[in-house]
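Engineer: Residues per chain are reported as follows:
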Amino acid sequence: MKIIILGAGQVGSSVAANLASEANDITIVDVDVELLRELQDRLDIRTVVGEASYPDVLLRAGAEDAEMILAVTNSDETNMVACQIAYSLFRTPTKIARVRARDYLGYPGLFRPESIPIDVMISPEKVIIEYVQKLIAHPGALQVLDFAGGLAQLVAVKAYYGGPLVGEPLKRLPEHMPSVQTRVAAIFRKGYPIIPEGDTVIEADDEVFFIAASKDIRSVMGEMRRLDKPNKRIVIAGGGNIGKGLAQALENDYNVKLIDHNFNRSKKISEEMNSAIVLHGDAADEELLVEENIESTDVFCAVTNDDEANILSAMLAKRLGARKVMSLINRASYVDLVESGDIDIAISPHQAMIGSLLTHVRRGDVVMVHSLRRGAAEAIEAIAHGDESSSKVVGRAIEDIALPAGTTIGAIVRNDEVIIAHHDTRIEAGDHVILFLVDKQKIEVVERLFQVDITFL
Amino acid sequence: MRVKAIQRILGLLLMLFSFTMLPPILVALIYDDATIVPFFSAFCLTFIIGMVFWLPVRNYRADLKLRDGFVVVVMFWTVLGLSGSLPFILSEQPSISVTDSVFEAMSGLTTTGATVITGLDELPKSILYYRQQLQWLGGMGIIVLAVAVLPMLGIGGMQLYRAETPGPMKDNKLTPRITETAKALWYIYLSLTVACGLAYWGAGMSGFDALSHAFSTVAIGGFSTHDQSMGYFNSALIEMIAVVFMLLAGVNYALHFLAWRGRSLSPYRGDTEFKFYAVVLLSAAAISTLYLYWTMTFDSLPSALHHGIFQAVSIGTTAGFTTAEYHNWPGFLPAMLLLMSFVGGCAGSTGGGMKVIRVVMLLKQGMREILRLVHPNAQIPVKIGNKAVSDRVVDSVWGFFSLYVVSYCIMSMVLAATGLDLVTSFSAVAACMNNLGPGLGDVGANYASVNDFGKWVLCFAMLLGRLEIFTLLVLLTPAFWRK
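If you read the protein sequences in the order shown, they are chains A and B. Sequence positions in the first sequence follow the working numbering and run 180 to 636. Sequence positions in the second sequence follow the working numbering and run 884 to 1366.
Keep in mind that the hints were calculated from the coordinates and are not lab data. Where hints are given, some of them may not hold.
[As the list claims (entries may be wrong)] The calculated DSS-like cross-link candidates involving lysine-lysine, where the alpha carbons are at most 25 Å apart (straight line), are:
| # | chain 1 | residue 1 | chain 2 | residue 2 |
| --- | --- | --- | --- | --- |
| 1 | A | Lys305 | A | Lys411 |
| 2 | A | Lys394 | A | Lys408 |
| 3 | A | Lys181 | A | Lys313 |
| 4 | A | Lys181 | B | Lys1008 |
| 5 | B | Lys1247 | B | Lys1270 |
| 6 | B | Lys1270 | A | Lys619 |
Bound-form chain A, shown alone (with noise of 0.2 Å):
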């Protein structure tokens, strides 16, 4: 696919990593000649210097043929007229934007062809705090991952011994738990994927992912480790957009705290709130902290945009007796850094988020995708068409679809119902079948298997 990224930034140079290793002609756009430099000798791209929204700039970076552009420069405006350039001079097919604005997002009629002909919004913000919500809902959960609109969700989780499941071989898991179906998709080892079969034994410290109906979680998440309370305290460091939104979003589930450096930013902060507390002051003082009784709180949150802020203060917390800490880092090199240690989980902003955008460029109806495990694995929601003549899918037991090595298809939606895929298992057309797969690099027999054959129209 013929892609054209428009700033350099940390969203568009991760995404520009993460596209380029299969096979998609990347040209990414900035003004800063020493980012594109740096990017253009790690990675298998060309990079055109030059203001992003200039039609002539599109032209070089080849937006006649473009079959996508995605627009992350730092400025709202830059990535919307660039999205209209691209389609009023060059009818580029997929136009992707980040607005970060919320006053733009509150007028829906705005962004259609005929006035701002964006195709897909993106907002990391957005897709960051409904990731950590997720995760403060699901105590112990490492990752939690939506599909089919919330109705079956993929969590991973780390074995713990004192789950009744760890040490015992999966084929047991319906024994443990008769009224719920789930299905391991992959387990982790040291690092390692291991596909599961019915023999394999689940160890301590094994990163289990598994999918089941979103009820059905909880019960789940209790064969494998010892149930977490459910959170109720949250500390929250960092009053900037994710901060802020974040409280906005559990200040009514739960009992909210956050702090922040800045005098006025706290106290703008406080103005916006209902019952959050507003902090002023430093998230990695240690006095604040015992005095706000970091010794009961269930999750630290830090989500500053300092990395090294983040990790410290979360570190601290951890060890003035935060049940949960988690921090946002944005370096991919700190994330294995501190994952082992005092953190308990990091969140990666951009994993988070390339997900939404490799929806747009698999092909085959792919209805979502989740990168995980920094872009080596995916979890992909794509949906099956045709009859049994046309697509390799549709009408085939489970068993029977030539799925490579390294992927398993964990569960199937179907008119909302949540299937749990088992080997005799048929596909239906229209089915939303989510499949696992530990190595990105068979993407593409996936892709082709949901593809119907041109003959299917």
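Please build the complex by placing chain B on the supplied structure of chain A, with the hints as guidance.
Structural biologist: Using the frame of chain A, we list chain B on its own:
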């Protein structure tokens, strides 16, 4: 330094290269030569050496770092020069020493076109074909070819590509993916070669000569299958065809690509480098013609005209074909032509020399200093087209120029120290470094008279010129090897 990654790629490339020994076997079969055995043994040897490199580390996966790219490229060109000489060593005809064989192979691969062999017309056809083919492979760069056909080189391919392609601004990829860029370059190269071959054939060359000369013309090499080079055909038409294709091959291939994709000639019109290139060659052709006519070297104006044009273009683009003994031309002409080869072809072409774009930048930089004397407070950017060139690039061009001159002087002195006369040694190094071929004095026709040590120095000069100095010299710096 990732020794294993380097070793793996080197092995792969060698195995790939070994297959280029097979077409000459075909030629040998057609013409019933006695060279099948040497070529076949050369093929086996090269393949096995590549295999020995590759087998132990075939499963090793790691991306090449920038530094590794230099090592691979230099090692590969060196090893290729050596293994490419195998057929010359193994074959009974020509009976030349190992040094001469390496010199011949290196001269072929670097598209220099300097030869030590005399009596070309009597050699087996397969050997002749092999020499031309070497030039053709070296012209666009064998690594660029490898990047095009071996997708697994992946991102490491970019490091190699950059270390091999000529020109100061290498980040301008034609297409987003390196493999596609390399393919595009080779398609253009291939089409030019086919067109050139057909034109030669139509103009009266035999099929074999047409193919052979198309190879060396489009590669801007200069090898011929005849001792008299292009002069053998004694046809103004053939010479003009050669002129056209040398000119085309000396243009930046990115322009060809843009013109071909946009189906218009406007990319050429707007390009500063192309305009300068055209002006330099045109004026050189005009000066040569007029001077030849004025000094009565040729008795008629048409004769002076076609010799003047052909020789100016052939030397100016660094091809090095000859129709007349240009080194015996009167007065300043040989010197002027030899100096022109320093300018050479455009960046991203198959031509040698310092590349037109660098010379343009040097001139503009010089003009800037003069303007600064007039307007001490003025901001004066160096512009190419309508775009200012960053000082970083201008600096690197200066660095390139200084190293070029210093290397040239040192090697010329070394050559003179081996007992060659000054004209011979200075022109031989110039002709080899610029990948031109024929020099002046004793090396006007061939290099057979140069001593063995001198030939090794010249081999180094050819490689230095082809890899544009930096790539090769960086390996000779202690900083490169420090961990």
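Engineer: Would you mind marking each hint as holding or not holding in the structure?
Structural biologist: Going through the hints against the structure:
Under the criterion of a C-alpha separation no larger than 25 Å, the hint pairing Lys305/A with Lys411/A is consistent with the structure, at around 22 Å. Taken as a hint, the Lys394/A and Lys408/A pair is honoured in the structure, with Cα atoms around 17 Å apart against an allowance of 25 Å. Between the alpha carbons of Lys181/A and Lys313/A the distance comes to roughly 34 Å, so the proposed pair goes past 25 Å and is violated. Under the criterion of a C-alpha separation no larger than 25 Å, the hint pairing Lys181/A with Lys1008/B is inconsistent with the structure, at around 47 Å.
Distance restraint check for Lys1247/B and Lys1270/B: the Cα-Cα separation of roughly 13 Å lies within the 25 Å cut-off, and the hinted pair is therefore satisfied. About 41 Å separates the Cα atoms of Lys1270/B and Lys619/A, which puts this hinted pair outside 25 Å; it is violated.
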